[in-house]
Every structure is written in structure tokens, then in C-alpha cells.
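Number of protein chains: 2
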Amino acid sequence: MARLVVIGGVAAGMSAAAKARRTNPELEIIVYTEEKHISYGACGLPYYISGEIEQESRLIARTIEQFAAQQIKVYPRHRVDKLNPASQTIQVVSLETGEQTEVSYDSLVIATGASALIPPVPGRARPGVFKLRNVEDGMAIRRYIEEKKPRSGVIVGGGYIGLEMVETLHRHGLSVTVVEMAPQIVPNMDEDMAALVQQYLIDRGIQVFTQEKVLALVGEEVAANDNRAAGDQLRTTLDAGPGNAAVDLVQGKTAVDLVQGKAALVQGKAADASLTRPQEMGDIGFSPVRRVLTDRRELAAELVILATGVIPNTRLAQAAGIELGVRQAIRVNNRMATSVHGIYAAGDCAVATHLVTGEEVYIPLGTTANKQGRTAGENAAGGNAVFKGVVGTGIAKVLELEIARTGLTERECLLKNISYSTKTIRSKTRAGYYPGAANIHLKVIAEKPSGRLLGAQIVGYTGAGKRIDVFAAALTLGAKLEQLKDLDLAYAPPFSPVYDPILIAINQFF
Amino acid sequence: MARLVVIGGVAAGMSAAAKARRTNPELEIIVYTEEKHISYGACGLPYYISGEIEQESRLIARTIEQFAAQQIKVYPRHRVDKLNPASQTIQVVSLETGEQTEVSYDSLVIATGASALIPPVPGRARPGVFKLRNVEDGMAIRRYIEEKKPRSGVIVGGGYIGLEMVETLHRHGLSVTVVEMAPQIVPNMDEDMAALVQQYLIDRGIQVFTQEKVLALVGEEVAANDNRAAGDQLRTTLDAGPGNAAVDLVQGKTAVDLVQGKAALVQGKAADASLTRPQEMGDIGFSPVRRVLTDRRELAAELVILATGVIPNTRLAQAAGIELGVRQAIRVNNRMATSVHGIYAAGDCAVATHLVTGEEVYIPLGTTANKQGRTAGENAAGGNAVFKGVVGTGIAKVLELEIARTGLTERECLLKNISYSTKTIRSKTRAGYYPGAANIHLKVIAEKPSGRLLGAQIVGYTGAGKRIDVFAAALTLGAKLEQLKDLDLAYAPPFSPVYDPILIAINQFF
Numbered sequence: 001m002a003r004l005v006v007i008g009g010v011a012a013g014m015s016a017a018a019k020a021r022r023t024n025p026e027l028e029i030i031v032y033t034e035e036k037h038i039s040y041g042a043c044g045l046p047y048y049i050s051g052e053i054e055q056e057s058r059l060i061a062r063t064i065e066q067f068a069a070q071q072i073k074v075y076p077r078h079r080v081d082k083l084n085p086a087s088q089t090i091q092v093v094s095l096e097t098g099e100q101t102e103v104s105y106d107s108l109v110i111a112t113g114a115s116a117l118i119p120p121v122p123g124r125a126r127p128g129v130f131k132l133r134n135v136e137d138g139m140a141i142r143r144y145i146e147e148k149k150p151r152s153g154v155i156v157g158g159g160y161i162g163l164e165m166v167e168t169l170h171r172h173g174l175s176v177t178v179v180e181m182a183p184q185i186v187p188n189m190d191e192d193m194a195a196l197v198q199q200y201l202i203d204r205g206i207q208v209f210t211q212e213k214v215l216a217l218v219g220e221e222v223a224a225n226d227n228r229a230a231g232d233q234l235r236t237t238l239d240a241g242p243g244n245a246a247v248d249l250v251q252g253k254t255a256v257d258l259v260q261g262k263a264a265l266v267q268g269k270a271a272d273a274s275l276t277r278p279q280e281m282g283d284i285g286f287s288p289v290r291r292v293l294t295d296r297r298e299l300a301a302e303l304v305i306l307a308t309g310v311i312p313n314t315r316l317a318q319a320a321g322i323e324l325g326v327r328q329a330i331r332v333n334n335r336m337a338t339s340v341h342g343i344y345a346a347g348d349c350a351v352a353t354h355l356v357t358g359e360e361v362y363i364p365l366g367t368t369a370n371k372q373g374r375t376a377g378e379n380a381a382g383g384n385a386v387f388k389g390v391v392g393t394g395i396a397k398v399l400e401l402e403i404a405r406t407g408l409t410e411r412e413c414l415l416k417n418i419s420y421s422t423k424t425i426r427s428k429t430r431a432g433y434y435p436g437a438a439n440i441h442l443k444v445i446a447e448k449p450s451g452r453l454l455g456a457q458i459v460g461y462t463g464a465g466k467r468i469d470v471f472a473a474a475l476t477l478g479a480k481l482e483q484l485k486d487l488d489l490a491y492a493p494p495f496s497p498v499y500d501p502i503l504i505a506i507n508q509f510f
Numbered sequence: 001m002a003r004l005v006v007i008g009g010v011a012a013g014m015s016a017a018a019k020a021r022r023t024n025p026e027l028e029i030i031v032y033t034e035e036k037h038i039s040y041g042a043c044g045l046p047y048y049i050s051g052e053i054e055q056e057s058r059l060i061a062r063t064i065e066q067f068a069a070q071q072i073k074v075y076p077r078h079r080v081d082k083l084n085p086a087s088q089t090i091q092v093v094s095l096e097t098g099e100q101t102e103v104s105y106d107s108l109v110i111a112t113g114a115s116a117l118i119p120p121v122p123g124r125a126r127p128g129v130f131k132l133r134n135v136e137d138g139m140a141i142r143r144y145i146e147e148k149k150p151r152s153g154v155i156v157g158g159g160y161i162g163l164e165m166v167e168t169l170h171r172h173g174l175s176v177t178v179v180e181m182a183p184q185i186v187p188n189m190d191e192d193m194a195a196l197v198q199q200y201l202i203d204r205g206i207q208v209f210t211q212e213k214v215l216a217l218v219g220e221e222v223a224a225n226d227n228r229a230a231g232d233q234l235r236t237t238l239d240a241g242p243g244n245a246a247v248d249l250v251q252g253k254t255a256v257d258l259v260q261g262k263a264a265l266v267q268g269k270a271a272d273a274s275l276t277r278p279q280e281m282g283d284i285g286f287s288p289v290r291r292v293l294t295d296r297r298e299l300a301a302e303l304v305i306l307a308t309g310v311i312p313n314t315r316l317a318q319a320a321g322i323e324l325g326v327r328q329a330i331r332v333n334n335r336m337a338t339s340v341h342g343i344y345a346a347g348d349c350a351v352a353t354h355l356v357t358g359e360e361v362y363i364p365l366g367t368t369a370n371k372q373g374r375t376a377g378e379n380a381a382g383g384n385a386v387f388k389g390v391v392g393t394g395i396a397k398v399l400e401l402e403i404a405r406t407g408l409t410e411r412e413c414l415l416k417n418i419s420y421s422t423k424t425i426r427s428k429t430r431a432g433y434y435p436g437a438a439n440i441h442l443k444v445i446a447e448k449p450s451g452r453l454l455g456a457q458i459v460g461y462t463g464a465g466k467r468i469d470v471f472a473a474a475l476t477l478g479a480k481l482e483q484l485k486d487l488d489l490a491y492a493p494p495f496s497p498v499y500d501p502i503l504i505a506i507n508q509f510f
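Heads up: the protein sequence lines correspond to chains A and B, in order. For the first sequence, our numbering begins at 1 and goes up steadily by one. For the second sequence, our numbering begins at 1 and goes up steadily by one.
Don't read these hints as lab results, they were simulated from the structure. Certain hints may be false.
For chains that are exact copies, the list does not tell them apart, and a pair is met inside one copy or across any two.
Said to hold, decoys possible - List of simulated lysine to any residue pairs, SDA-like, C-alpha gap at most 20 Å:
1. LYS388 / LEU477
2. LYS485 / THR23
3. LYS388 / HIS354
Isolated chain A, as found in the complex (with noise of 0.2 Å):
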């Protein structure tokens, strides 16, 4: 019976290996993860702190038990250490119990993930300092905010997830503050539609602060001496210690617990996947943190979440030789095919190829990761599956402003030398007269002097973000702007004004 080996349990993994199953009934399944927990929406993870979702198993897709009844055998906590596609085997080991084991492969789908990528900030592994990657960042986050009922949170990094926790800690009653070291917030959106998150946030009490760098996070007055002594010692100790565990451990702890923190590290009972070098930690302070040291200022911080962007994990596929492409994810081909012969990557550690520009990218979003496992899963299993691309559709919520886009921004095409024009209207998401109509934001992108369609951002209210799947449908079409500017889209007061705001924008090109 030929065999399908899965690395990762969440979005792309377990839809390679579900996908795989119905593929083909007779293969083998076996799925490897590092993590505790499988098939979980960590999109959600923000609601979940907020509280709106009570329960964290109500993420869970599926378990580990519905998987097995699908022949489907999923490790938890077994971490792959080597890949050697020569031979087909990979080596692992159990994250409980040490023990490694090698095992052979027909089929092989990297879905390895992405980590948080955590500036080397001073303080950056102090109690209440949290990136949000995982469930486990999740209910760290949520029981620190119930335990220790922190009154300010900065959060650095101003892009989705950054804006999803400014929602979250405003729900709980938090001060909160936005730190950016880029000139704006929704860095993947044109500056102009980001002003206007901006001043929303402003105007809703959040702080905001863009082109300020974060230089260190400090915590409750200790002599600063001994502290970096407790560090260094500490480090000393992760180093000697199973690679993996780390700030889960440390973080809660104050400096006297540091021989009890040893004690669990050397059990290995504590770890943080994304985290996998204890020398990412920098400076360890064990007091809680209190305040953000930026550039330009000093911000009360009883809490503080990095959301800093990510790095795909592809070390792994990288030391077995299979090519890396753009931001060192790994290549793969429309099947999802890596450059080493029946190994498929897919997800958060792969590109995607971007369907208005045709380059190769590197967008990791829960979505795609869904659709590019399940493409990985039926080729792994014998299928021929094509997964053509994305176009950069992106949406988020923050508060009630919801967030869109999708194609390219006026900045992406001004770095890629493609002649443009632009259009940006303010409409409303409903006739104007029916209650709740407020105000959308609509900025369209079209291609010179061909009128194709290039891109779309939208900032609104209630009804608004979603609007912009009609333009993700019309770029995946390869539509021009003539094509649209006639959709009979639906309209009845409660949903739109007579002329939806896609036709308001569209319109002003003629």
C-alpha cells in the first residue's frame, strides 16, 4: 500500500490529507504536526480572545478522532527533523517522549506553515508580551488578559492581524496603541484608503502612531543588571535544552521562578513551534512588561502583541535540497509540485502564482492554504488537480470598519512599471434614505491604456468589504473596465444604492 506522509496539521496540511482520502480510499495517511492542536481556524483566534467565541474546540475544524475514522492518522507533537528525498524517508521525533523514528514515504506534502516574525526588541520575551500565530498564542493571550486584566495594549504592527487584535482589546477594555514602523497602517494597501483606517481609528480612541520604531519593551522596575544576568543565564540553558522549548515557559514567570523554568525546559514539557531557537527570544526579562520604548515616545503597555508579519517554515525543505522561491517560500508549480520529484508543498511555507501580474508570490492567507492543500492532497494521491493562483484578495474587520482589497495597489504598480489610472469614490452601502446606509470607500486601479482591470481597495461599513469579491471574480476573468461598467448588479434599498458603488467607481473612468 503506498504511503502519503503530511508535515503540518492545520489549514493546508489536513486538507491535503482529507483531499488525498477522497482521492484515493486505499492510500495510506499519516500526518505529522508539531503542534497540539489540528485543523483550526486561527483566523478566528481573534475572536476567541475577544471572548465572542467561548469556547477554543469551537475552532476546531475536525479532530484527531474524526480523522482517524477516515483512516487518516494524525501525530500531534512530532516534529520532523529531516527529509531525505533520496531515500524517501523523513526522520521524526516525538515531542513527549524523545523517542525518533524514520519513516518511509510514496507521496510527501510539505504544509510546514509560517512563523511569527518577532523583531529582536529587547523585552520581547517578557509576561504579556505575545505574538498570535497559533491556538496556543490564542489562550495565552486570553488568560493573561483575564488573569492579570491588563488596562493598555500596544500592539506592533499595523496589517491585518495587528488591526483584528485592536478590535479584540478594545472589546475588553483595553487603551490601545498602534506602533508601524512603515509610513501607514494596512501596508498592503494604497496610502490613501489607509488614511482613511487611520482616522477611523483615531476617531474611535485608538491611538496610532505609523514610521515609529519600537526599540524596546520594559518592564516593572527591576535593577536592569540582574535582570540581563537572569536572561543570559536563562539562555544559557535554552541552548543546552531540546532546541524547541521556550517562551510559553518563560512568559509568566518573573525571575525567581527561573530554576522552576529550567526544571520544566529540561522536561521538555514547554514549547512554542514557531519559536524554534531559544537565541530569537533576545533579552529575556521575566517582569511583566509595562511600557513600549519607540523612537519617538513611551507608551503605557500592560499588554503587548508583535504582529509583525511571518516567514514561512522551509527549513526543512530547503536542507533536503527542494528550491525556495520568492521570500524564501517554497516553489511549486500549479499542482502544487515542488522541484523534487512526488513532494508537493502547500499553504503558509509555499508561493502562489498571481494571476493579474502572473509573477510568483508570497501571500499566506487561510484561504489559499486551503485550496493549494487540497490540490497538494490529490496529486500526492494520483489525482492531476490544478490550483491557478490568487489575485491578492485580502478583507479584514476592525471594529465596524470592514477593510478590503484585491488585485494590485497604485503602489505595486508604480514598482512595477505598469502604466495605470485610478479612480477612488465615497458611496454608501445602502440607498441613502434606508436606515444604516453609511459610508464606503472605493478605489479602483485600471490598466492603461488597456482598461483591464488591475486591482480594487475598499474601506466601509456594514456591506462594504465584501463587495469586493465581485472585482476578485472580474480580475481572475481578466476583465476590462468596459466589460463592468454595466454589471446588473442586485439592487434593493437594504443592500445598495440604484447604482452600486462598484458602478459608481467603474463609471468614473468614462
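Dock chain B against the given chain A, drawing on the hints supplied.
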């Protein structure tokens, strides 16, 4: 100076006038309309009646004064009685003074709209029986509800307007019954989807009777003969009086008010543009409606809404020798030109081209009226605009439910002998774990064996309906399902499951 005359002052007419002005600043532009109100959002009437929109003035997009400021002269309460293409003249009568004028034109836009199709049911002119077509209707219904406080309402006709009025009457606390002659409500959707709407209404305490015919609208116990005699008397008066004056005057009056009624009538103070001949009122009952008699039962009804469709107002055009098309609507090409040179038609009085079948259709909707009006106005002013057509998109909200459709239904495919396959799914409007995630039912129809998308229908809760726009765009672009199966639709938990329902439905075909 060339002169454009526009007949009709609502969506199509005023769009034509406004666009003509933008196209040609020199043109003399005159608009005649039988109604008092111009440029109003007829689709907003249910929400005005419900009180969600407080003042009827909120429904007015632009006033006569605002048009005057653009050198567009609007004559309300003026009826065009005759159109003479040979001499390029029209005959206009003031409904206020009775004065007749002959007016010449260089180009003409006919935007006479449509009239409510009133079924020939005895008692249809009783107080408490209403159609819903224009602002006067809306004001009369709201006034009646506020003053008479009816406890029960029967809506005859289960199309969009009927369903919107379910919500309106329900908000006013009436017990509501829908009576539909066809075997299903929402006749422009397939039976299976309509059944979901019907079940929802029943669950919400609305009575729904299909395949049931209204036989009579019965009033309070008055001697039937007296009543009939009074009716005959008034009918005679009406026949002799200014043709238009009718129902508004009579409604809300009892038989004893007849003399005053006559007096007002002679002064021509009351009019209902869409009921142009008093004969159409049928047996006039002077006591308010109390019961609806159907072929199956008797229903309490202190208010009756007749929402049984519309007919295009094309007598003027027909008399002038202008070619009519399907459903007796004015035939136009994609420039909105009629069969007579220099004469354009737009809106609810005109046909459109269905972009999926290429056939001529009559689908009178406000959004199409605006687009056709704009096209007609531009061309009548010397421009060269094209309106390619519609794909049959429609949407309505009834209480919490959203209903939408586009393209062809299964029934339409059968009628047209188009080979098709269809899939229906149930999914969620948001991520399953996100608060407010609710059901969405989506039906997709595709051509066999080409795989070309033919249509889609949606029934679901908040956020469901406008998803139809993706299908509307895809239909316009002639997409095949294969091109749509991996659409990069926007995903975040507040907006969608990780696979949007659109993708789930399309992927059922593969």
C-alpha cells in the same frame, strides 16, 4: 436650439434628462410627468410605509428646483396625450388647469414607466385596498395604517413587492397573510428555493397560501345593492370627469361622502397616474375592506395590498406607431432607440436584452431604468452610448431573510430547452464559529456540456443576498464554472467561511 422632451419623471426619465444635460450643455430639456413627485426611489416605499424612513421627502433624489438649476424644466402633473412623430410634436395637457399645448421636439425619450396590474376582483376599490406603485400610494397606505390601525393585512401576490410589504405590515404589528395564485411564492425563483422562503415566513408567523385565487374583497355589512348603486353613480361621474381622477379620492371615503367626492373630482384634485381609466376600478365598494374571499377560504383583512405585477405604459407609444416587443413593452435597441427615428425609450416601459440568452425580455427594475435612462439621454442629446442588457438580477429582503437571483432559473432552462445541471448547497454566511453565522442556501445552474454558468439563486440571512453579484458579474463575462472554482474570494471569519458558499456551490460540479 435643439429641444429634448422627456415623458416621465421618475428613474428612467430623470436619468435621461440629467445625462442629456451632461452630454450637451446647449440642449433645451423639458420633462413632462403626470405625477406630482419626481425622481423618487419607488423601491424605498415599503420602508417609508413601515416608518423606517420618516419623511417621504427622503425618497426624492433630486427636486424640481435642483433640476431647474441645471436648466432642466420639469412640468409635474402634465399628461402627454398624443405623440405625432411625423410632425415631431406632442400634445400636453395640464392636469391642474386642463390647458392643452402642442410642443415640438427634436428628440424624445419615452419613460412612461409601468402601472400596477390590478386584478379584476370585486371590491378592489374599497377603502383599505391599495396597490403600491408611487409616492401617493405609499403615503395613502401609511396614513391608513396610522389612522385606522388595521390588525390584519392580506397581501395579494408573493413577488418581491409583496414580500417587502410582509415586512412592512409585520413591523406595524398586523397579522399578515400572503395569497399567491401561482403554485409558489417568489415566482421568479425555482420551487425549491421559494419553498425555503415560504417555510421561513410560516415560521415567523406569516400565513402563506399558494395556488389560491382571490375572488372578492368584502367590506363591512352594508346593503349590497345600495353599495352597488352608489358605485355605479360614481362610475358615471368618473367617466365624464377628467380621465385620470379616481381612486385616491374614493379611497378613505364612505358612500355618504360621495357628493363631496364628486365635487373634488370635478376640480381634478385627485389623481392616480397608473389607474388611467375609472373602469379599471371595478365594483366600487364604499365600506372599508374587512375580509378577503379566496377560492379556498375567507381571511380577515382590514388592509389589502395588491402586489400582482405591472404592465408597461405604452399606449401613447403604440398609438404613435412605435413598435412594441415582448409583454407589450416598447422595443428598443442597445442604444435605447425605438423603431421611430429620434425617439428613445427607457425604463419600465421598455424591453431589455438578456445577456445570457440574447433574447428580448421585460424585467422592469429601478436599477435597469436608471441605466437605460442614462443611455437614452446621452443618445437623445447627440451622444453614442450603449446599454448591452441585463442578466436578470434581483434581490429582496423580507424580515431577516435575503433573497436573490440572477441569470436563468431551472424552470427557465426547461422552458427554453437549454440542457443544464444544477447543484444546491447550504452553508454559512460567516465562519461557523463566528457570532451571527447563519444559513445561506445557494443554487447554481450551469449549461451542459459547456459548463457555462447560467444562473444562481440565494436564500439566506444577513450577508447572503449580495453574494449574487459575483454570479451577475461572471454571467456578464460569460464565465464557465471551471474558471470560477478557485476564485480568490475574500475570507475572514466575520465575512465568510474559509470556503465562501460561492466556492462550495461551484465545487459541487467537480
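Inset, instruction - Find the hints from earlier in the document that the structure breaks and name them by number, from lowest to highest. - result: Violated hints: none; all satisfied.
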